[in-house]
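Whole structure, please, built from the sequences with the hints as guidance.
Number of protein chains: 2
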Amino acid sequence: MQATLTVDMGGTRVKLGLARGGVLLWRETLEARSERGLAQLLERLAPLVRAQARGAELAGLGVAFPSLIEPRTGRVLAAYGKYADAPGIDLPAWARREFGLPLAVDNDARCALLGEWRYGAARGRHDAVLVTLGTGIGVATLLDGQLLRGRHGPAGNFGGHLTVNLHGQRCTCGNIGCAEAEASTAALPRLFAATPGREHSALTMAPRLDYAAVFAAAADGDAAALALRAHSLRVWSALTVNLIHAYAPELVLLGGGIMRSAAVILPYVRDYVARHAHTPWGEVTVSGTALGDDAALLGCEVLSFLQREHGGIGGAAAG
Amino acid sequence: MQATLTVDMGGTRVKLGLARGGVLLWRETLEARSERGLAQLLERLAPLVRAQARGAELAGLGVAFPSLIEPRTGRVLAAYGKYADAPGIDLPAWARREFGLPLAVDNDARCALLGEWRYGAARGRHDAVLVTLGTGIGVATLLDGQLLRGRHGPAGNFGGHLTVNLHGQRCTCGNIGCAEAEASTAALPRLFAATPGREHSALTMAPRLDYAAVFAAAADGDAAALALRAHSLRVWSALTVNLIHAYAPELVLLGGGIMRSAAVILPYVRDYVARHAHTPWGEVTVSGTALGDDAALLGCEVLSFLQREHGGIGGAAAG
Chain A
1047 MQATLTVDMG GTRVKLGLAR GGVLLWRETL EARSERGLAQ LLERLAPLVR AQARGAELAG
1107 LGVAFPSLIE PRTGRVLAAY GKYADAPGID LPAWARREFG LPLAVDNDAR CALLGEWRYG
1167 AARGRHDAVL VTLGTGIGVA TLLDGQLLRG RHGPAGNFGG HLTVNLHGQR CTCGNIGCAE
1227 AEASTAALPR LFAATPGREH SALTMAPRLD YAAVFAAAAD GDAAALALRA HSLRVWSALT
1287 VNLIHAYAPE LVLLGGGIMR SAAVILPYVR DYVARHAHTP WGEVTVSGTA LGDDAALLGC
1347 EVLSFLQREH GGIGGAAAG
Chain B
1047 MQATLTVDMG GTRVKLGLAR GGVLLWRETL EARSERGLAQ LLERLAPLVR AQARGAELAG
1107 LGVAFPSLIE PRTGRVLAAY GKYADAPGID LPAWARREFG LPLAVDNDAR CALLGEWRYG
1167 AARGRHDAVL VTLGTGIGVA TLLDGQLLRG RHGPAGNFGG HLTVNLHGQR CTCGNIGCAE
1227 AEASTAALPR LFAATPGREH SALTMAPRLD YAAVFAAAAD GDAAALALRA HSLRVWSALT
1287 VNLIHAYAPE LVLLGGGIMR SAAVILPYVR DYVARHAHTP WGEVTVSGTA LGDDAALLGC
1347 EVLSFLQREH GGIGGAAAG
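Sequences listed follow chains A and B, in order.
Here the first sequence is numbered in our numbering, starting from 1047 and rising by one per residue.
Here the second sequence is numbered in our numbering, starting from 1047 and rising by one per residue.
Treat the hints as calculated values from the structure; they're not laboratory data.
Note that CB positions come from ideal geometry on N, CA and C, so glycine has one too.
Among the hints, erroneous ones may be present.
Cβ pair distances, simulated, as ranges [unchecked claim]: (1) B:Glu-1329 with A:Arg-1216: 18 to 26 Å; (2) B:Pro-1253 with A:Ala-1130: 56 to 64 Å; (3) B:Gly-1191 with A:Gly-1134: 24 to 32 Å.
Some chain A residues well away from chain B (every beta-carbon gap over 10 Å; in silico) [claimed, not checked]: (4) Arg-1079; (5) Gln-1098; (6) Ala-1099; (7) Glu-1103; (8) Arg-1197; (9) Gly-1220; (10) Ala-1258.
Here you go:
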């Protein structure tokens, strides 16, 4: 079995891996400098890819990208404040030209779901939704053992931007009251600024206002942190019910950095789902992910394999 | 080409048709008496089906049912206050036993979408969502030229029960702030009861509190009706954006009885979608339906055809 060079292009860090059969034989992390665009990253990646290609015969490259992707061409559909030049760069052409290798690219939440499906918490499932709770909220959907894409690509992939609060905050996407606008790390400063009693909160002293700080302060009884936590738990729960009602999965996986507080989040979301989701087709399991930060790197190998087996830039997950 | 006997089982009225190539050769309407169950309806239907079968060689029966359906067995997954005995009745077995004919059954919004797709406003489209605004809110989804179902059946079919208002009304489905709970004919009495100034509203005199009355009173400047209209338009618009973000379609069709006020509803929803939906894959059209009340009857012929061609009780829409 040949190894696949996999790349998880985050907004802050870029992870590289040499994956074979779900095992990472080598790994490396780079600063993304995503505010300077994608071209500069590709220049820094090229020698690293070549070095790995000298050591092992590569089957291809798999790339997880933090945006919506057009499935037939691998084109990045939009830049969301990072890698602004990405929509103009043809990644598959770059890989063919530079390394003579096929490149598969898809949204990072989708790659993570493929990883969890093949090697992690969604193994053996055919209908599953993954939610990554972090700076933003990513969603990916597997139905009938295939990634849901639709003809235009983003089907099943934009669930963090379902309105849960009609009278809520305007989101960076342009919509109102998206889950991402109502409870994500990016939204936290704005949420905190609107929280009553914030001036007496320990969070004003926190070196970094993230959900780890919020959950820690809430555990100490901090009133503003408790209010933020209650609001956020409710948003993530309503989002989970919306995804269950939209896609009728048997499994919802919650991952991402915020899930370091899974001990509080999972029981709350499970209880909310048990009370409010209508699932006459059977019970829906809500679980944490199993592969942590490696899910997308490992999923890129699956993506690359599926593309080579079934064609198309994005490939399709076989049942 | 053989004709198909098609049945649209509403909660109040049941429509029968003899459909051939998208034309209704005969039609009949019965009172549903759905509060007395499905078995009594099947008894009244049987002689009508037999009479039609004597006059024409039938290809099969197609049934549109107001509930979620399990695709492999044709089983009704839940009763929603009508046809309470339906989950225990095997409709395909009934048709085989009584008439020796194959029966295809699916949710009524799905049948309407199949009708619009083959003969109406979604002709030539591959990715389309239908919303029926009426007593409840029905949703059906076509992706890549196939009805979205998932392994368990309800994928793409339960969009009226996406939360749009986290702090909203409890829905009959058990969820909070579903579009159906926030703006449907069934929700109207409760919505009106909570509207400030209702005691001075002409709606207190309306023979029937439905959206036709609300839109008429709003056009006359009635303050409570204007508030109800503004809230409802916003709910339906947020629902439309949610469905666009969930399924990435190229077309959203709005149908159902409430769309008799399409002249007000369509421009509002289109403007909201233009301002708030994020669709980097291309423009999404929002339109009214073309087949009106006949969509489900005509779609049942398509459903029956697809089942016979492709197998399965529910059939699959070929691209």
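For each hint, the structure was consulted:
1. B:Glu-1329 with A:Arg-1216: 18 to 26 Å: Because 22 Å falls inside the window, the suggested range holds.
2. B:Pro-1253 with A:Ala-1130: 56 to 64 Å: 59 Å, holds
3. B:Gly-1191 with A:Gly-1134: 24 to 32 Å: 31 Å, holds
4. Arg-1079: Given that every Cβ of chain B is farther than 10 Å from that of Arg-1079 of chain A, nearest at about 24 Å, it holds.
5. Gln-1098: It holds; Gln-1098 of chain A is separated from chain B by about 33 Å at its closest Cβ, greater than 10 Å.
6. Ala-1099: Holds: least Cβ distance 33 Å, greater than 10 Å.
7. Glu-1103: Label holds. Min Cβ-Cβ 35 Å, cutoff 10 Å.
8. Arg-1197: Not fine: 5 Å to the nearest Cβ puts Arg-1197 of chain A too close to chain B.
9. Gly-1220: 5 Å, violated
10. Ala-1258: 24 Å, holds
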